[in-house]
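Going down the list, the protein sequences come from chains A and B. First residue of the first sequence? That's 0 in numbering that gives the first Met the number 0, and the numbers climb one at a time after it. First residue of the second sequence? That's 0 in numbering that gives the first Met the number 0, and the numbers climb one at a time after it.
Rather than coming from a laboratory, the hints here were simulated on the basis of the structure. Please note that the accuracy of each hint is not assured.
As the list claims (entries may be wrong) - The calculated lysine to aspartate or glutamate pairs, modelled on EDC-like cross-linking and capped at a C-alpha distance of 20 Å, are:
1) B:Lys88 with A:Asp202
2) B:Lys88 with B:Glu176
3) B:Lys88 with A:Glu201
4) A:Lys73 with A:Asp161
5) A:Lys73 with A:Glu131
6) B:Lys88 with B:Asp163
7) B:Lys88 with B:Asp54
8) A:Lys73 with A:Glu145
9) B:Lys88 with A:Glu131
To be verified - Beta-carbon label-pair distances, calculated as ranges:
10) B:Phe84 with A:Phe156: 43 to 51 Å
11) B:Gly154 with A:Gly291: 54 to 62 Å
12) B:Asp54 with A:Leu282: 52 to 60 Å
13) B:Tyr116 with A:Val18: 19 to 27 Å
Claimed, not checked - Far from chain B by the CB rule (all over 12 Å, computed), these chain A residues:
14) Glu20
15) Val120
16) Met143
17) Asp152
18) Leu263
Glycine included, each C-beta is placed from N, C-alpha and C at the ideal position.
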Amino acid sequence: MPRKPLLLALAGLVVVVLVLENTGPFLTAQFTTMAYFAIAAGGLTVLTGLNGQLSLGHGALMAVGAYSAALLLKSPESALPLPVILLVAMVITLAVGVLVGVAAARLHGPYLAGATLALAVAVPGIPLFFGEALGGEQGLTVRMPEIPGWLADAAYFVTGQDLTRIRYLAYLSWLAVIVVFVLLANLSRSRVGRDWQAVRDEDVAAGLAGIDLGRTRVLAFVVSAGCAGLAGALMALSARLAAPSGFALTLSLLLVSAVVLGGLGSLTGALAGAALLTFLPPLVTGAGTDLGLSDVQAAHLAPLIYGLVTVLIVLLAPAGLAGGLRKLTHRRRNS
Amino acid sequence: MQQLLTTALTGLTLGAVYAAFALALVLIWRATRIVNFAQAPMAMITTYLALVLIDAGWSYWLGFAVALFSGLLLGALVERFVVRFVSGKPEINAVILTLGLFIVLHALAALVFGSRYRSFPAPFGLTGFEVGGTTIALTGFGVFTIAAVGVALIGLVLLFRGTDLGLRMRAAAFDREVARLLGVRVGRMLTLGWALAALAGSLSGLLIAGGGLVHPSYMDGVVVYGFVAAVLGGLDSPVGAVVGGVALGLSLSLVSGYVGAELVPLAALAILMVVLLLKPGGLFASVRERRV
Numbered sequence: 000m001p002r003k004p005l006l007l008a009l010a011g012l013v014v015v016v017l018v019l020e021n022t023g024p025f026l027t028a029q030f031t032t033m034a035y036f037a038i039a040a041g042g043l044t045v046l047t048g049l050n051g052q053l054s055l056g057h058g059a060l061m062a063v064g065a066y067s068a069a070l071l072l073k074s075p076e077s078a079l080p081l082p083v084i085l086l087v088a089m090v091i092t093l094a095v096g097v098l099v100g101v102a103a104a105r106l107h108g109p110y111l112a113g114a115t116l117a118l119a120v121a122v123p124g125i126p127l128f129f130g131e132a133l134g135g136e137q138g139l140t141v142r143m144p145e146i147p148g149w150l151a152d153a154a155y156f157v158t159g160q161d162l163t164r165i166r167y168l169a170y171l172s173w174l175a176v177i178v179v180f181v182l183l184a185n186l187s188r189s190r191v192g193r194d195w196q197a198v199r200d201e202d203v204a205a206g207l208a209g210i211d212l213g214r215t216r217v218l219a220f221v222v223s224a225g226c227a228g229l230a231g232a233l234m235a236l237s238a239r240l241a242a243p244s245g246f247a248l249t250l251s252l253l254l255v256s257a258v259v260l261g262g263l264g265s266l267t268g269a270l271a272g273a274a275l276l277t278f279l280p281p282l283v284t285g286a287g288t289d290l291g292l293s294d295v296q297a298a299h300l301a302p303l304i305y306g307l308v309t310v311l312i313v314l315l316a317p318a319g320l321a322g323g324l325r326k327l328t329h330r331r332r333n334s
Numbered sequence: 000m001q002q003l004l005t006t007a008l009t010g011l012t013l014g015a016v017y018a019a020f021a022l023a024l025v026l027i028w029r030a031t032r033i034v035n036f037a038q039a040p041m042a043m044i045t046t047y048l049a050l051v052l053i054d055a056g057w058s059y060w061l062g063f064a065v066a067l068f069s070g071l072l073l074g075a076l077v078e079r080f081v082v083r084f085v086s087g088k089p090e091i092n093a094v095i096l097t098l099g100l101f102i103v104l105h106a107l108a109a110l111v112f113g114s115r116y117r118s119f120p121a122p123f124g125l126t127g128f129e130v131g132g133t134t135i136a137l138t139g140f141g142v143f144t145i146a147a148v149g150v151a152l153i154g155l156v157l158l159f160r161g162t163d164l165g166l167r168m169r170a171a172a173f174d175r176e177v178a179r180l181l182g183v184r185v186g187r188m189l190t191l192g193w194a195l196a197a198l199a200g201s202l203s204g205l206l207i208a209g210g211g212l213v214h215p216s217y218m219d220g221v222v223v224y225g226f227v228a229a230v231l232g233g234l235d236s237p238v239g240a241v242v243g244g245v246a247l248g249l250s251l252s253l254v255s256g257y258v259g260a261e262l263v264p265l266a267a268l269a270i271l272m273v274v275l276l277l278k279p280g281g282l283f284a285s286v287r288e289r290r291v
């Protein structure tokens, strides 16, 4: 295992502890939001940036993770430890990702976008149809489980503060971010990652070089679906709710714009995109109400900015989108 | 029997609307090889313009005409000032661009027109005709919907097949370089193609809204149904789009009538996947196979 990601991860852990120990409950909850956006955006970054597959259905995959977690937490007696529940929700979404990925691997460009768009629109209908089991329009309330006694004691011993459930979830989420990002960074640096990029840039040549195109694409999709599932489970825990309205088409589109805003193809970019998704809305909404807009109107300012910036990025840095920076410099040299 | 007839007639009307939307997607695909995912919010915006006029006391038909005209204008502006700049770039750029537009138009509409549901009037009756003592599911507005889409299709076919302008547009879409060498103003033809497409999209927006509710995201499902219809038809042929639209309308109406309305988008997804995986060239594929 390369040393650099591990060192970065350790540094990240220190930052996370310092930040979370010194923020109030509201900011802590916001950091949790940023964490699950970061995990979802990280997965989408790998899929779109490295493998060139654009998914508009990641909101739907987050819904799968969220509902899995909600169902697993339904009965209080048989409740598993929270990390195990997160892992199971992730595995369930992975399985769904295999199904979608096998179909998606054969599609390109607008066809893939259209199919995943259909997924994003279709999935919220499922809990409505199976209203009995999945709670219909109201959704399922998610119970945040008790913090294990030993952990609460240990946390009090180390930090001198009581470990609240909000802070526990924030720690868990950021730990997940660190683990996922280290794994994704190593994966994209490895042979698998090089295959992904080869398939993205020149699929015919990659095929001739002996790379199994289908399997490579499916693997990228499955990895990124797993991230979306984990993110969805954390989102359900953070919102204490898994409901269809939380996973509307908008969520999928905002994830894509976050990935583009952060800079397609870099995990740091995914982190930046997640921060934008979390912290821009309150800022902009506040500014909007100061300018005399109603609360409801001001709430739409943030998506307006995301959309405008996405359009501008595509128009101003077109080569930077699909092929990453490397391709850009390559093209400059040749022209 | 009664229910099957009702389902079929509802499906036919719905299918006409999907067909109009699919026509919009196909026109743009033919001209610029882009699937315009922003078509839905574009149509939503023009429908809101009509609603503002109608609510201000003007006639339905003035609103209708203004919506169609503003669709024409919006399509031309989007092509000339936004989409033009991604031509020749990787296709993922165009997709992301139209998605960015999607978010922008959505947010703009919610800001300007508000995000509550507003009812949209219909120029004709919304109760079914009576045939032999029973009321059937075909309404006056349903007939108008089918007729309007029919007129739009015939108009487009006449334009493309029968006029010099249509010939130049087809040439520009078929091979830009050769058309340019032959003296076709390719840029203008592409702008015109987008304008006509947005006109068809606006028509579908008006037809869906008629007698129903309008909301910034009321067209979101339609972009999926229109896309599926267009893919059914092969994405390349206007007639295929209309046939695909009607076929999809009928199938989805069956699902909605016999299984559950909540699963309609899921059925559309299933149909799309089956078509893309088994017959990527669409149901009416000509010789040339398409790479999806």
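TODO: With respect to the beta-carbon atoms only, verify the hint that Tyr116 of chain B and Val18 of chain A lie 19 to 27 Å apart.
DONE: 42 Å, violated
Open item on the list: Please check whether the beta-carbon of Val120 of chain A is more than 12 Å away from every beta-carbon in chain B.
Closed with: 5 Å, violated
Open item on the list: Checking one constraint from the list: CA of Lys88 of chain B to CA of Asp54 of chain B, max 20 Å. Satisfied?
Closed with: Answer violated: Lys88 of chain B to Asp54 of chain B is near 43 Å, above 20 Å.
Task: Gly291 of chain A and Gly154 of chain B - C-beta distance against the hinted 54 to 62 Å - done: 45 Å, violated
Task: Beyond 12 Å from each Cβ of chain B, as asserted for Glu20 of chain A - done: With a cut-off of 12 Å, Glu20 of chain A remains clear of chain B, as the shortest Cβ separation is near 36 Å.
Task: 20 Å limit on alpha-carbon distance, applied to hinted pair Lys73 of chain A and Asp161 of chain A - done: 26 Å, violated
Open item on the list: Taking the Cβ atom of Phe84 of chain B and the Cβ atom of Phe156 of chain A, is their distance within the range 43 to 51 Å?
Closed with: Cβ of Phe84 of chain B to Cβ of Phe156 of chain A: about 60 Å, so the range 43 to 51 Å is violated.
Open item on the list: Please check whether the beta-carbon of Met143 of chain A is more than 12 Å away from every beta-carbon in chain B.
Closed with: 29 Å, holds
Open item on the list: Can you confirm whether the C-alpha distance between Lys88 of chain B and Asp163 of chain B stays at or below 20 Å?
Closed with: 30 Å, violated
- [ ] For the pair we were handed, Lys88 of chain B and Glu176 of chain B, check the Cα-Cα distance against 20 Å.
- [x] 16 Å, holds
- [ ] Below or equal to 20 Å on CA atoms is what counts here, so check Lys88 of chain B against Asp202 of chain A.
- [x] 17 Å, holds
Open item on the list: Just to be careful, I want the Cα atoms of Lys73 of chain A and Glu145 of chain A compared with a cutoff of 20 Å; is the pair within it?
Closed with: 14 Å, holds
In terms of the numbered hints stated before, the structure departs from hints 4, 6, 7, 9, 10, 11, 12, 13, 15 and 18, listed from lowest to highest.
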